[in-house]
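Participant: Residues per chain, in single letters:
2 protein chains.
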Amino acid sequence: MHPGVREARESDLDRVRQLIIDLAHYERAAHEVRTTTEQLRVALFGPQPAAYALVAESANHVVGFALYFRNFSTWEGVHGIYLEDLYVMPEYRGTGLGRALLTSLAELAVERGYARLEWAVLDWNQPAIDFYRSLGAVAMDEWTVYRLSGEALISATRQSG
Amino acid sequence: MHPGVREARESDLDRVRQLIIDLAHYERAAHEVRTTTEQLRVALFGPQPAAYALVAESANHVVGFALYFRNFSTWEGVHGIYLEDLYVMPEYRGTGLGRALLTSLAELAVERGYARLEWAVLDWNQPAIDFYRSLGAVAMDEWTVYRLSGEALISATRQSG
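Protein chains in written order, with the numbering used here: chain A, 1 to 161; chain B, 1 to 161.
Incorrect hints may appear among the rest.
To be verified - Each pair of labels, with its calculated beta carbon distance range:
(1) B:ARG34 x A:GLU7: 22 to 32 Å
(2) A:ILE21 x B:GLU151: 30 to 40 Å
(3) A:ARG6 x B:SER155: 15 to 25 Å
(4) B:TRP124 x A:ASN60: 47 to 57 Å
(5) A:ARG112 x B:ASP123: 26 to 36 Å
(6) B:ASP123 x A:ASN60: 45 to 55 Å
(7) B:TRP124 x A:THR36: 38 to 48 Å
(8) A:ARG34 x B:GLU111: 14 to 24 Å
(9) A:ARG34 x B:ARG15: 34 to 44 Å
(10) A:ALA128 x B:GLU151: 16 to 26 Å
(11) B:ASP14 x A:VAL110: 28 to 38 Å
(12) A:PRO3 x B:GLU91: 50 to 60 Å
Rather than coming from a laboratory, the hints here were simulated on the basis of the structure. All residues carry an ideal CB built from backbone N, CA and C; glycine is no exception.
Isolated chain A (complex conformation) (with noise of 0.2 Å):
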């Protein structure tokens, strides 16, 4: 783990449900949070979890965090780390917890024996494109990912074979 960087803890969690709003905020859409606190404390720190998040501090203080789950590569026969939210809040940018993150995170990945670490970055995000950029990663061009959601979700459930 580097500096400054450490697990959640299931005190973090309002915490991190602000930063969590504060993220979708600058990827315009903080109103469509609906995460409570309770959710986040059964899906990381429940019987089954399959989330797990890491944090960032400064003077004691979370300023950032990352959250996670396990992907699996069917070519790889192994589990892989899928970055879900990756923030630092803006006034603590530039102070190499954004970078203590990933890397922890890649550190994780490689104890584990894990293929791979992943992530989505909205198209018009040229700053941090650079910086995963600069850290080796490879932009999966060729892919598109596909959602079934809401009504649409629930209407599929309908179409049979």
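Mind docking chain B on chain A? Use the hints.
Facilitator: Chain B in isolation, oriented as in the chain A frame:
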């Protein structure tokens, strides 16, 4: 679960591995599959499973599969299903088994209160794209996935803040 589809069992894994290789062949990358049946067993049926599979059968023979894991929406506060691989043998296409696999996953997602069913498609795979659009799936066009793997993943661990 739609007709012809059931959850994978340990005894299916040799067959699922062969179908993974067939799919990689279709994606022009069969030589990149290093997965063993034992790795699949650990990931799907080990003490901490984080990958899951459905299989499609015709006359009691497994002719297709869907391999997935749980992702997490920080905006919704709930898990979703990420479909890593969907495959039906060419000679069984047009029989509705691909649709039955996908709609069975949509059903699982709705039953569990998940927010989403997502998967990635190669941009040149127009038949698949048409099929997914017909189900109501939306392309996440604004996003690109970045990946660190191999040497780049290892050297990222050395880049401190």
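Participant: Going through the earlier hints one by one, which of them does the structure break, listed in rising order?
Facilitator: none
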